[in-house]
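Asks: Construct the complete structure from the given sequences, taking the supplied hints into account.
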Amino acid sequence: MLRRFFKQETIKRQVLGTSYVVPDSSRCIQCGICSFNCPIDIDVRRHAWVGEPVKDSRCLTCGECIARCPRAVLRFQQTSLFDAQQAAKEE
Amino acid sequence: MRHYVIIGAGVAALSAAQAIRQQDNLAEILMVSDDPFGYYSRPGLAYYLNGEVTEEYLFPFSEKEIQQLNFFRIQDRVTQILPDKRRVLLSSGGGLGYDALLLATGAAAAIPPVQGIELQGVVKLDNLYDARQILSLSRKARRAVVVGGGITALELVEGLCAQGVETHFFLRGDHYWSSVLDEIESRLVETRLIEEGVQIHTHTELSEALGKHGSLEAVRTTRGELIQADILAVAIGIQPRKELADGCGLKTDRGILVNERMQTSCEEIFAAGDVAQVYDPASGKWILDSLWGPAREQGRHAGMNMAGLPALYTKPPAFNVTRLSGLAATIIGAVGRGRSEDEVDIAHGESQAWRDNPDAIVARAEYHVNHLRVIIGKDTLLGAVVMGDQTLSHPLQYLILNHVDITPIRDELIAPGDRLGAILQNFWLNLATTHAA
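Chains C and H, in that order, are what the protein sequence lines are.
To get this note's numbering, take the position in the first sequence, counting from 1, and add 1085.
To get this note's numbering, take the position in the second sequence, counting from 1, and add 505.
Incorrect hints may appear among the rest.
[Claimed, not checked] To spell it out: a stretch of chain C is covered by chain H in this simulated footprint if at least three of its residues, at any positions, have a beta carbon under 8 Å from a beta carbon of chain H; those stretches are:
hint, region
1, 1111-1122
2, 1153-1161
[What the hints assert, rightly or not] Examples of chain H residues toward chain C, derived with CB under 7 Å:
hint, residue
3, Y552
4, V558
5, L755
6, A833
7, Q895
Hint data in this document are derived by calculation from the structure and do not stem from the laboratory.
A virtual CB, placed ideally from N, CA and C, is assigned to each residue, including glycine.
Replies: Shown next as structure tokens:
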């Protein structure tokens, strides 16, 4: 029981730790709800305007912006930062 | 030094200015608009109305960042274009010369031709001024009537409802947004509205607005029914603001006709955004969109061409994600059902292309509030409506926009049963793994 709980927690932490918030600019209408709801005031909207992942070291990956976006612009996407094999492939 | 004049302050105008600045560091860029607020997110007004975002967050760029783009903003109204002299005249007197001119004047709400429409309390939702007015009216208002179909009408209903105003929604036909949604999808939206306390009046048309001392007091329907109301919000469609183009003899239809370089019938005048009716080589028609994403792209292409860098705009299949009474909804490609009774033309956030009723097969699946409708062509998918769960929204966007061959799963898709979602999801995962390999 306890083990399962920790396993779930580990997976969750892994996903949060190795994912970025990634925008799909073609869906964004710059309404600002994401920036408005960010607990640490990252301008998520600007990332969506330029089409870049939120690679801000302060990002908590709390998912608040993803949940609030009315147009499904934002997603978590796993990055290759901790996966050497994948990173090598991309290079 | 080249001189550029941009009329308008929306996203098409801004992205054109950005594109020009990227090509030409020395150019003088003048942006003329009668909107005192400059550039802000116009689709975001809906979320300002329902309280999801505050007014300051509607402005994506600070005044300082706008200044860094190095263009001048002039708050004025252009009264006339003189193509021979390459000059525009301003309402304050005087004029501006240009080497290239962009018309990004957007579109304004169509006003129904009924008596009493000029009364105070009759509102539309085009700009920040309108949104502010609705919010200030709804502080005192007890009852509102919304007339129209489409996304804007629904946004008005939701906004007024969120402000605690008893809201009545008039529909001419028997269901909401009949030009794009089918009956099941409309019912899904309507049921949720009714749960929120909205009163929907089907087969109901506005006949006149009645008031006292210049303020709205009630509306009358064509059946003679009288409903007391302090607010009447209209969203029966939009009209591209093409008067300037008409006045100087540019070729226009419902909007200003432009070629793939966003060029009008006059070589140095360009148009982009809601006002532009863009040539689509695929269908051989000129299409009018009122979509934010395409407006940004059109502005960018216009800007590049104005600065002398040839760029051809290809119209992508119409695509929008929005929220219909709290349900996320993606609408892609041709899903339409012809004309709607509630709108005289397309409304904000819509594309004319959605209404095309293709010769194709429709497959659908429903799971409580989640609804999926796919329009299946000969060997590709032509359109889709995804409501509720958005897992398939991105895959379908890709499959339709890239005309992916779906022959391997076509028979499965058409076969009865509600495995539609699973079949598409599997197909998508297979496609993704083969691509990655």
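Asks: Using a Cβ cutoff of 8 Å, are there at least 3 residues of the region 1153-1161 of chain C near chain H, or does the coverage claim fail?
Replies: Contact hint for the region 1153-1161 of chain C vs chain H: holds, 6 residues under 8 Å.
Asks: Just to make sure I understand the rule, a stretch counts as covered if three or more of its residues have a C-beta closer than 8 Å to a C-beta of the chain. Does the region 1111-1122 of chain C meet that for chain H?
Replies: holds (count 10)
Asks: With a cut-off of 7 Å, does the beta carbon of A833(H) approach a beta carbon of chain C closely enough for the hint to hold?
Replies: Given a least distance of 6 Å, the restraint on A833(H) holds.
Asks: Should the interface hint for Q895(H) be scored as holding, given a Cβ-Cβ cut-off of 7 Å against chain C?
Replies: Since chain C brings a Cβ to about 5 Å from Q895(H), closer than 7 Å, the hint holds.
Asks: Do the numbers back the hint for L755(H), that is, is its least Cβ distance to chain C under 7 Å?
Replies: 29 Å, violated
Asks: Given Y552(H) was flagged as interface, is its beta-carbon under 7 Å from a beta-carbon of chain C?
Replies: 5 Å, holds
Asks: Have a go at the V558(H) hint: is there a Cβ in chain C nearer than 7 Å to its own Cβ?
Replies: 5 Å, holds
Against the hints set out earlier in the document, a violation occurs for number 5 only.
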